[in-house]
Amino acid sequence: MLRRPYILACIALFPLAISTLLLYLNLSRLLRRELVSRERQIREVEMSHIVDTLRTRVDSAW
Numbered sequence: 001m002l003r004r005p006y007i008l009a010c011i012a013l014f015p016l017a018i019s020t021l022l023l024y025l026n027l028s029r030l031l032r033r034e035l036v037s038r039e040r041q042i043r044e045v046e047m048s049h050i051v052d053t054l055r056t057r058v059d060s061a062w
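With this note's numbering as the guide, the letters of the sequence shown map in order to residues 1 to 62.
Hints are not guaranteed to be accurate.
[Said to hold, decoys possible] Cβ-Cβ distance ranges computed for the label pairs, FRET-style:
hint : residue 1 : residue 2 : range
1    : L30       : S60       : 44 to 50 Å
2    : L8        : E34       : 39 to 45 Å
3    : E34       : P5        : 51 to 57 Å
4    : L30       : V58       : 40 to 46 Å
5    : R57       : T20       : 54 to 60 Å
6    : I7        : E46       : 53 to 59 Å
7    : L13       : E34       : 27 to 33 Å
8    : T56       : L27       : 40 to 46 Å
9    : D52       : R32       : 29 to 35 Å
Read the hints as simulated data drawn from the structure, not as lab findings. By construction, the Cβ of each residue, glycine as well, lies at the ideal position given by its N, Cα and C atoms.
Hey, can you work out the whole structure from these sequences and the hints?
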């Protein structure tokens with residue numbers, strides 16, 4: 001008789017566990033996408049800075 005409450009609790013909590021796992025996976029995917037986007041923006045700014053520096057050096061050399 002003691003096993004039944006545990007089985008019922010497991011059955012009741014299983015959907016909650018699955019939905020929590022899916023929420024975690026969705027948030028992980030969203031955060032990873034945001035991180036990639038920010039890294040791309042940082043690279044673009046750095047490349048722009050490098051290009052501007054090189055242009056300035058080339059212009060001053062002429």
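Going through the hints against the structure:
1. L30 to S60: 44 to 50 Å: holds (45 Å)
2. L8 to E34: 39 to 45 Å: holds (40 Å)
3. E34 to P5: 51 to 57 Å: About 43 Å separates the Cβ atoms of E34 and P5, which means 51 to 57 Å is violated.
4. L30 to V58: 40 to 46 Å: Cβ of L30 to Cβ of V58: about 42 Å, so the range 40 to 46 Å holds.
5. R57 to T20: 54 to 60 Å: Because 55 Å falls inside the window, the suggested range holds.
6. I7 to E46: 53 to 59 Å: Since the Cβ atoms of I7 and E46 sit about 58 Å apart, the hinted range of 53 to 59 Å holds.
7. L13 to E34: 27 to 33 Å: holds (31 Å)
8. T56 to L27: 40 to 46 Å: Taking Cβ atoms as reference, T56 and L27 lie about 43 Å apart, which means the hint holds.
9. D52 to R32: 29 to 35 Å: Given about 31 Å between the Cβ atoms, the range holds.
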